[in-house]
Structures are given as C-alpha cells and as structure tokens.
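Peer 1: What follows is the residue order along each chain.
Protein chains: 4
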Amino acid sequence: MITIPNVNQINIKKDMRVKDIILAMENSGVMGAGRLSKAAIISKEMISDKNCKVFMGLAGAMVPGGMKNIIIDMLENKYVDVFVVTGANLTHDLIEALGFHHGRGTHLVDDKKLHKQGVDRIYDSYMPNKAYESLEDFFEKHLPEIYGKELNIKEFLWWLGSKIPAATFKHGSNRSILRSCYEKQIPIFCPALQDSGIGLMIYNHIAKNKKIKIDAFSDMKEIMGIAWSCKKAGVIYIGGGVPKNYIQQAMQLSPKSASYGVQITMDRPEPGGSSGAELREGISWGKMNEKGKFVDLICDATIALPLILAYLKDEIKQ
Amino acid sequence: MITIPNVNQINIKKDMRVKDIILAMENSGVMGAGRLSKAAIISKEMISDKNCKVFMGLAGAMVPGGMKNIIIDMLENKYVDVFVVTGANLTHDLIEALGFHHGRGTHLVDDKKLHKQGVDRIYDSYMPNKAYESLEDFFEKHLPEIYGKELNIKEFLWWLGSKIPAATFKHGSNRSILRSCYEKQIPIFCPALQDSGIGLMIYNHIAKNKKIKIDAFSDMKEIMGIAWSCKKAGVIYIGGGVPKNYIQQAMQLSPKSASYGVQITMDRPEPGGSSGAELREGISWGKMNEKGKFVDLICDATIALPLILAYLKDEIKQ
Amino acid sequence: MITIPNVNQINIKKDMRVKDIILAMENSGVMGAGRLSKAAIISKEMISDKNCKVFMGLAGAMVPGGMKNIIIDMLENKYVDVFVVTGANLTHDLIEALGFHHGRGTHLVDDKKLHKQGVDRIYDSYMPNKAYESLEDFFEKHLPEIYGKELNIKEFLWWLGSKIPAATFKHGSNRSILRSCYEKQIPIFCPALQDSGIGLMIYNHIAKNKKIKIDAFSDMKEIMGIAWSCKKAGVIYIGGGVPKNYIQQAMQLSPKSASYGVQITMDRPEPGGSSGAELREGISWGKMNEKGKFVDLICDATIALPLILAYLKDEIKQ
Amino acid sequence: MITIPNVNQINIKKDMRVKDIILAMENSGVMGAGRLSKAAIISKEMISDKNCKVFMGLAGAMVPGGMKNIIIDMLENKYVDVFVVTGANLTHDLIEALGFHHGRGTHLVDDKKLHKQGVDRIYDSYMPNKAYESLEDFFEKHLPEIYGKELNIKEFLWWLGSKIPAATFKHGSNRSILRSCYEKQIPIFCPALQDSGIGLMIYNHIAKNKKIKIDAFSDMKEIMGIAWSCKKAGVIYIGGGVPKNYIQQAMQLSPKSASYGVQITMDRPEPGGSSGAELREGISWGKMNEKGKFVDLICDATIALPLILAYLKDEIKQ
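Chains as they are written, first to last, in the working numbering: chain A, 324 to 641; chain B, 324 to 641; chain C, 324 to 641; chain D, 324 to 641.
What the hints contain is simulated information worked out from the structure, not anything from laboratory work. Mixed in with the good hints there might be a few duds.
Same chains, same names: a pair is fine if it fits in one copy or spans any two.
Unchecked claim - Computed list of lysine to any residue pairs in SDA-like fashion (alpha-carbon distance at most 25 angstroms, straight line):
1) Lys-361 with Asp-338
2) Lys-436 with Lys-579
3) Lys-614 with Pro-328
4) Lys-435 with Glu-613
5) Lys-401 with Asn-329
6) Lys-361 with Ser-371
7) Lys-435 with Cys-375
8) Lys-616 with Leu-431
9) Lys-554 with Ser-541
10) Lys-361 with Asn-350
Required output: the full structure, derived from the provided sequences and hints.
Peer 2: Below, the structure written as structure tokens:
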C-alpha cells in the first residue's frame, strides 16, 4: 500500500516572500504549481551539490524579455558551470552593452509601420534597427585584431567579451553576459553562432574576403571533456533549441548522465521535436540518469526564472 | 514621435516578496512577465474600483490543483461580486468538505492500476473513488428536503452550501467554496451543473422518479440584472469554458461592457474556441469596453493565481 | 522480444485520395500523422460496430469554422447516436438557417472598427451582429407556443428544430444541425444552453416574466439510459468543454465504459483541465474501457474533421 | 464598404482527392482549414514563380516522423533551391541510409526499459542505439579522407552525401536526403552541425587529435549570395529552430526580402522565441516583404506536409 501525500490547499498571507510561495506550492504539489516548486528545489539541489557540474542551455528571446541580469547573476554566482546559448541572445546582450535598450511594445501593431520607423519586433519587445550600425562599428574596430588567426567559437566569444567595456558589475543597465563569461572565464558555447547578428557581422568581413577562421568543432573537446570528467551533472534548459540538444548530447558522454534536470518551455512534446521533449525521454538515450531528479516546467520562462532565482538567492548560501 | 519605455532588465535580490517580483516584472514589461504584472495590477484596479462589479469565471481542475483556499479568500474578501463556476470544481469542493483530500500523484502512471485501486486521476492529482459513496450518502440525507420544490441552479447551490457543516473559516482544511457562497450570500452560477458529480447525484434521485425541479434559465435574471445595473464591470477568467462564456454573454448587456479584464489560460486563440480567445475579441461583440484595460495571461493558473492573490493581499486595503 | 514495426517513410504520388494519405500515415505510424490515421480508423471501427452506440461531443467554433455540413453528414449518415453540443454552435447553426452567413475575416483587425461596423469576431470568422435581430424575431414568433409548458432541454431543442424551415437536405447552404436532429430524432443534449445566443433569447422572454420552464436535469435520464443500456459505447470528442465531460460522465454508467475513443483538441493535458485531458485518464475513472481503442489527436479540428469524414465516406458502406 | 467573402461550409463527398479537400478548405477559408489551404496555395505559387528562389528550413524530428521521402521529393522535384536543416535530421537520414529503420513506439513507455533494450526514443518513434556503431564504422572508414583538409559545413555535407551508396531513387527505403543534396548539388546548410550525431562522430576523431577543420562561417557567403542575388525569395519553415532563423537572417539581405512565406509549427508566438514567431513579425525586420503572401499554419508538420505535397504534385507541372 502506497501512501499518497495530500494536495494541501495553498494559503496566501500578507507579505509573502517568493520563497514562501514556492514552499506553499511544494505542499500542494500538483500541476503547474507543483512543477514550479520542483524546478526551484531541484535547481537548488543541483547547484548546492559540490560534486555536480551545472550545464545551462538558454534559448528564446531572454535578453529582449528582461532576463539578462538574471542570467548574469546565475553565471556570476557560480550557479552555472557550463553555458550554452543562442547567438541571438548574445547579440541582444552585446547591443545593450553598446548602450541600447529594448523597448516595451505590443504584438498588436502594424509591422509595416515599425519597419518604416526602424523598429525590429521580437513579439512585444522592440529593438532600434540602428543598433546594427553600432554593432558594425564595433566589429569594424575590433575584428581586424583576429584576421588570420584560428579560433574556435568559445575562444571567439571570450575574445568578444574582452572587447566590451567593463561594466560596473552592480545592478547597472550595462551588465553583459558576454563580458561576465569572459571575466569569470565561464565556458560558453554557441554552436550556431552563424545564425545571429554576431554571425552577420562576421559575414560582413568574410564577404570582403577578410580571413576569419572560426572552427565549428574544436571547442566540442572542452564541453565534452567537462561532461566526461565530472562526477555528476545537472542540466537547466530554458527554451529548448540547440542549447538544450547540445547539452543533452554531452550528457551521453557523462559517466552518470544528468542526475538533475530542470526544463522550462512552452513547447509541447507531442510533435516530437527536441525542444518540447520531456526530460524522461533522455533516459532511453542515456542522457538522463534513471535515478535522476527531473522536472518539465511548462511556463513562460520570463515568469518562472525570476521566481526561481529569488528562491535560489534565499536558499543557497554563498 | 512616440516614446517607448525601456525593457528594464529584472534584478533579483534576497528576501524578495511576491509584490516586489510583480513590480520588477512591471518594469520589464514584456512577454509572460509583463502580462503577469498586468494581470495583478488590473485585478487590483478592478477590485479597488468601488463602482465596479467583479465577475469571476472559474474552470479547470482548480480544487484538485490546490487553489481552493485562494478562491475562497477571493470570495470572502469581497474581491468577487459574481461567481460562475464549473460543476466539477464544486463537486471537488464538496468532496473535500466531506473530509476527503486530493492526493499528489503523477500522470506517468498505469491508469488500469489506479482503477483497480479505486483512484480517479485528474492529471497528476488523485481522488479516492469512494468519495462518491460519501457524496451519495450526503445527498441521500439532504436531497429529499427539496423534493417537489422548484428551484433554480443558484438557489440550489446556496441550499447545498447551507447543508455543509460550518467550517472554522480560519485556514482549516475543511473550508468550502459552496459554504462560503452560502454564508456570504455571493451570487453563484453554474450553467452546466448537470455535467458534474453533483449532477450525477441529482440524476440518481431523478432516476428513481423523485421530483426534483431545477430550472435551467430562471437564475439568468439575476446575473443579467447585476450586469445590467452595475456602473462598471470587471471580469476575471480562470481557464475559459462555460464560466467565461457565460460572463461574456452577460457583459453584452452591461451598459459599459467590461472595463477591466484578466484572463488566465493555457489555451491558444487560433483554433477559434471561446476558452482561448483573446479578450480584445470581445470588443467586436460589445462584451469588452474598447477603452477597457485587459490582459491575456498565458500561464498555468496554479502558478499565476497564488502570485496574484499574494500581490492583492499586499496592495488592497480591506 | 517484442517486434516493433517500422516507421515507413510516407510516399506521395499524384492524384492521391484522402484515403490514400490516411493509409500512408498509418504505415508511418508516429506523431501527428500516426494519430490522425488512428483517429480515422478508430472512428470507422466504432461506427461500423453494430453493437456500439456512438456519442459525439462538439465544442469550439465549429459552425463559424466551416464544419457545419460535416457535422450534419455525420448525424444524418447515422454515424452518431447521441449528440452533445455547445449552445454557441447551435446558435451559429440557427443563424445560418435564418439566412445569414459567417464571413472570412482576419484576427489581425481592429476590434473597435468591427464593433462600429456591427461585426462580431470569432477568431478570423465574422458574424453580422444584426443576425441577433432576426434571432429575436424568430423567437418572438415561436416562443409563445411553449409559454407555460414544461420541457427539458432536449425536448426544447427538438421543438426548436421543428420551427426551422425544412432544408433541401442536399448540399445547400441552409442545412441545419438543429433541423436534422429534429427530423432524424437524434438525441441532442446541451447542458449549458443558457450560455449561448439561444439562451439569451430565452432570457429576453423570461425577463418580461413570460413563463418558460426548461428543466436542467430531466433529460439526463435519456442520455444516461442510452449509456446504461448499450452493449458497447464509442466516443468522439471535438474540442473538449462541457460536451466531452458530459459524455465522459455518462460513460461511467455504461456497462463496459467506452470501448472506442477519438479526441481532437489543441488543448494540452498538463494544466489539468478536462478539455485537454488524455483519454487514457478516463480508465482510472471507469469512463474508458481499459482494453478500449483510443487516440488523442492534437490538431485543429477544422483540419482533421474533413479528412476523417472523407475517409469514413470511402470506407463505411451505407 | 468592404465585401467579406462567406465561410462556405465544407462538403465532403466520396473519393475525394487531397486536392479537393484543400480547395474546399480554401472556400471555407478560416481557422486551421483556411490556413492549411493557404499554406498549400502559397507553396504552389512560390514554387511556380520562376523568379523566386525557395529557401526551406527543416527542424523537428521529421525523419523519425516519416517525412524523409517527402523532403527528398521536394528537393529532387526542384521545389527547393536552398535547404537549411538540423544535424539531427541528417543523422537520422544517414542512419536510415546505412540500413536502419525507425520504429513505431509509444510515448507511454518506461524509458528505463528502453535504455536497457538499447532503444532511443524520439517521442513515439524509436531508434536502435546500435545504429551509432554503424555510424562510427562509417565515419571510421571515410573521415580520414578529409583529415588535414579545410572544408566548410556545406562542402562537408556534400562530401558526406557522396559517401552514401547511391540509392535507387525510386520509392525505395534507402533514399537519402544527404545523397540527394549531393547528387543534385542542392545547397545545404546546417549551422549547428556540432549539435548532432554527425557532430559527435566528428568529435570522436577530434578527440583523438585527428585534424579536421570545418569552418563555421565560410559557407555563409553562399547562402547570403543566393539571397542577395535572387529576384524574389520564398521561405518554407517546418518547425522553427536554427533553420528558420538562419533563413530569416538571409532574407534581410535579399533585395525584396521574402515575397512568399509558409510556416508550419506547433509553437506559440507569445513566449517570444523565434520558432513560434508569426511571419508578419519579419516585416518589421525587413525579412518579409510587406506585400508578401504569408501564412502561419499551426499544425503538426507530419499531418500538414503530406497533404501539402500531395496538393503540389497535382498542381505543379514539371
């Protein structure tokens, strides 16, 4: 006879902290609330486990969506050991580092008018198209430095981070993911960097026959090496895409596969794509440890991430 | 030239209250986070507006999902003036009032085994099937009292609430939505009551040719009357379904239609059904005021509701 | 050792019939294609099974979405024995029977302008608001006939169908679901009829203190009776909502529960609501037979239904 | 005064061809059916437009999902001029080319058991893990041929296609996307090739310090050149991800941006990610021509693609 714990109806009081809500959700334990509390608690466990290397994959419009400083905090607080990210997020990060802001817009807009106004839309977040001119100037200034050199993508991204003026590293608006990865020497991977504004900038120089050699595969040795040599691994996936899949692939080489897993996405599993695939599917592949602790949180990451980080800041001692 | 406010990157600190997070999300202002903050703030405005009658529609497995006390708080705090609900939520409420609990289960289960064990599954929430026996006893005891009488659904539900033993009305586990609606005389509507465990209990008596007359239409006069006579209306929809649509219909008769609107659902708008329809669609019908404040929050309600109520308890003076 | 059949890569040729595509999808057998073929084949089996009563639940904007004649064909071809439907679909059906059409619009529209033009929007389908005036005239003319009488909802709907001018019953535009149910005496149930334009019309008369008595519960005896007495039951759910749940409830009383099941919805299961719940969940409740054949097809019903009916017309001998 | 065309209720007859259904859906014109017909018709127009270069982006588990031969037909029929694809689809293609099949499984399975049996799961499609051994042998045999050479990803993929034994190029089971791209010299791009089984095979050799130099950026010149020099461009996106975004990026350089667009995905737009973003968003960026013909079809691609190709084969003269 198995004892099934009760769904404890959540009670809300005045002045509740985020942490209190997460705990109340743990006590109710089902549906979205149950999953959110599990996501927070499993994140805490994997980050607190000294034997565990945490791999975070970040896709989706997280910088235009207001999550930049949250990511930077997670990186700088050493919550994350290996960071895999889309080129788009790095481009938006770089654009903010160059002094631009994203704007709060609406999806109910005439995109033709935005186009005339030089505004690029990312759902309800706006970006001034002239940011590309600053990007071009930035790369025009710095890229010649690596003409003729051979780099891999990780080396390129650290180099790129080194070119960003040092931020205050307080809660200023010009903090930068790229800069933080460089300063803290956090391994950062971006397997489809071509597919981004940064990729476009590099293309501009290649198109003029400048010699830029960035190898697609050589930094696999590093991420695979970390996966291979770590005692335990944990994964945090925000938004699926290449970052998730690339880490999953590395987990196949990790001795125990992933022992912890948190996935936050709005994609569904049924169409069969990797982004929406439930984490337990990874057990069949040897990507997830069959005794691991996993949760698939189906939630807009811009809602879930601030809550989870607030919980982590309260619960993890530095 | 329109000035577009910046997406302010969210900063997370220690000991953050839920209210602080909502405000941080207001400052970022886009995607899910932007919508969650709007949902909280618009809820506050409509509840605080003394000229506004608040209509709440509740669908989905909210009682099995741990949201019962949150709903009761919203009702008892007078945040809600008119309550439309599915019969299923009332059935689950009644079952808890009779001393049963829902259980924290998993969707990754063999439903055949659950069936053998007498466990009914609602996604990952479980309910003991024997609760139906207690329901039967309860109705066996009380229903004869209304044999031969003519009631409408609202009258029936208040009567039903009166039969539930008074709860402590502190944060006890035996609080009851039905009881609260009766005690506080909150107008409660349930247009498809037949479609529920409670409906099934009534059917049991009808099948034995007992005279139970519950009119389907006569309580429309009351909800329509409130909509017709209020100065302003606000709507809160959790999960779509009949409760949403029934309130929307009443809004067509309200002089200013709905001036405030908050919708929380995971359904998508594109297939065309009412549950997933964006609130702005209601403007075309005269259900929503074209100058109203609305937000469609795409989020599991078990995540969003606790956060919104925590914000409301901090922000609304009683 | 279990033999797993191959995913046969689908081959497309010229002049393929819908039936050919369904069979090709059966041979590939996975993801959406596999589910679509299963939905068609299971539908065929339940309809062809002479011992099986087929219960169809219809929700969502199916008449505005162009599915009216498909539903009528299914009803008139005796594919369906018991029909449970939302009041909205019946209202849209009645509006078309009175000579109006829905219009092909867009969701990217200013709803304020539509409102001024007297156009009601259902996602990208439009309806002239003046249709309500014709509805009012229609009910003004006919409703006095039932003043003072006692009806249940099914009786009322058959009576309503009898008032609709006989359609040509060829592929004319003025075919009517309501008329067909009346003419063919198909049991039709609509537990939340209040929640619809038809409900609003009845309310108009109640508001003037006209005596209209429509009992909410008494037709439960009929649907429950059919469920109770049938040798086998099959269910087809389009769009969830009350129609699905009401049939599910009846299945609990059916001796073998449902032996066949097809569900077509875009709703997800994880938030816990009935509409998106996987059919297998019903096994735990005794709503689905544990040896039954079921499929959850995740697809816009306006895509899936025409394909399935085309398959059925080719495969079922009348 | 704008005339709004009617939603013509779809009529289903016996022996309907796929083409007939698509036309019936064009006449109903709304919701999913309306979008499916538009997707088919816009695809036909862009493919038939001799001034138009068609860029197809393919993500999601399309080979495990039974879509391989459909993709190959589209490539070999010259429906597609530029092909961008995920490494996962190419890996599954190569695995089938080496004689393996995917299997029809279920998502309701114990992944631990699958793992023990050496079965990798992709939702409800299975793959024998031993396929990796054959992959290893294949690369062991062939890869030394390119040791020390410098290739870009497109060159590598054509080279890889050249190593696959020629298929019969009838409707045999061993047709191959990679082989077809090589034989027909179709430009094929895969910006995140590292993130795939093929990437893993290359890593195996790099890990042993073999010199494999595959440049990440140099083939951008080719895709950008085609985008830059074409008179018109059309885009077909199946499943979002990097393939969509990479083509979108190229469209920014195309003189007229994309004049035609078809997107098939189950992802939602609201969370802000590129995969679910509506095509019209691209107008703001200059990726889509503001007078272009676009449709976002929200449908499982394994359902939509066979229907669209059947329509194209009937409607496009070769």
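Peer 1: Each hint should be assessed against the structure and marked as holding or not.
Peer 2: So, going through the hints one by one against the coordinates:
1. Proximity of Lys-361 to Asp-338 under the C-alpha cut-off of 25 angstroms is found in both arrangements, the shortest distances being 23 angstroms within a copy and 19 angstroms between copies.
2. Taking the shortest alpha-carbon separations for Lys-436 and Lys-579, only the inter-copy value of 17 angstroms comes in at or below 25 angstroms, while the best intra-copy value is 53 angstroms.
3. For the identical chains of this complex, Lys-614 and Pro-328 are intra-copy neighbours only, at 21 angstroms inside a copy versus 30 angstroms across copies, given an alpha-carbon limit of 25 angstroms.
4. Proximity of Lys-435 to Glu-613 under the C-alpha cut-off of 25 angstroms is restricted to the inter-copy arrangement: shortest distance 6 angstroms between copies versus 51 angstroms within a copy.
5. For a Cα distance limit of 25 angstroms, the shortest separation of Lys-401 from Asn-329 qualifies neither inside one copy, at 36 angstroms, nor across copies, at 29 angstroms.
6. For the identical chains of this complex, Lys-361 and Ser-371 are intra-copy neighbours only, at 15 angstroms inside a copy versus 34 angstroms across copies, given an alpha-carbon limit of 25 angstroms.
7. In this assembly of identical chains, the alpha carbons of Lys-435 and Cys-375 lie at most 25 angstroms apart only when taken from different copies (22 angstroms versus 49 angstroms within one copy).
8. For the identical chains of this complex, Lys-616 and Leu-431 are inter-copy neighbours only, at 15 angstroms across copies versus 40 angstroms inside a copy, given an alpha-carbon limit of 25 angstroms.
9. Taking the shortest Cα distances, Lys-554 and Ser-541 sit within 25 angstroms of each other inside one copy (23 angstroms), while across copies they are farther apart (38 angstroms).
10. For the homomeric pair Lys-361 and Asn-350, the shortest alpha-carbon distance inside one copy (11 angstroms) is at most 25 angstroms, but the shortest distance between copies (27 angstroms) is not.
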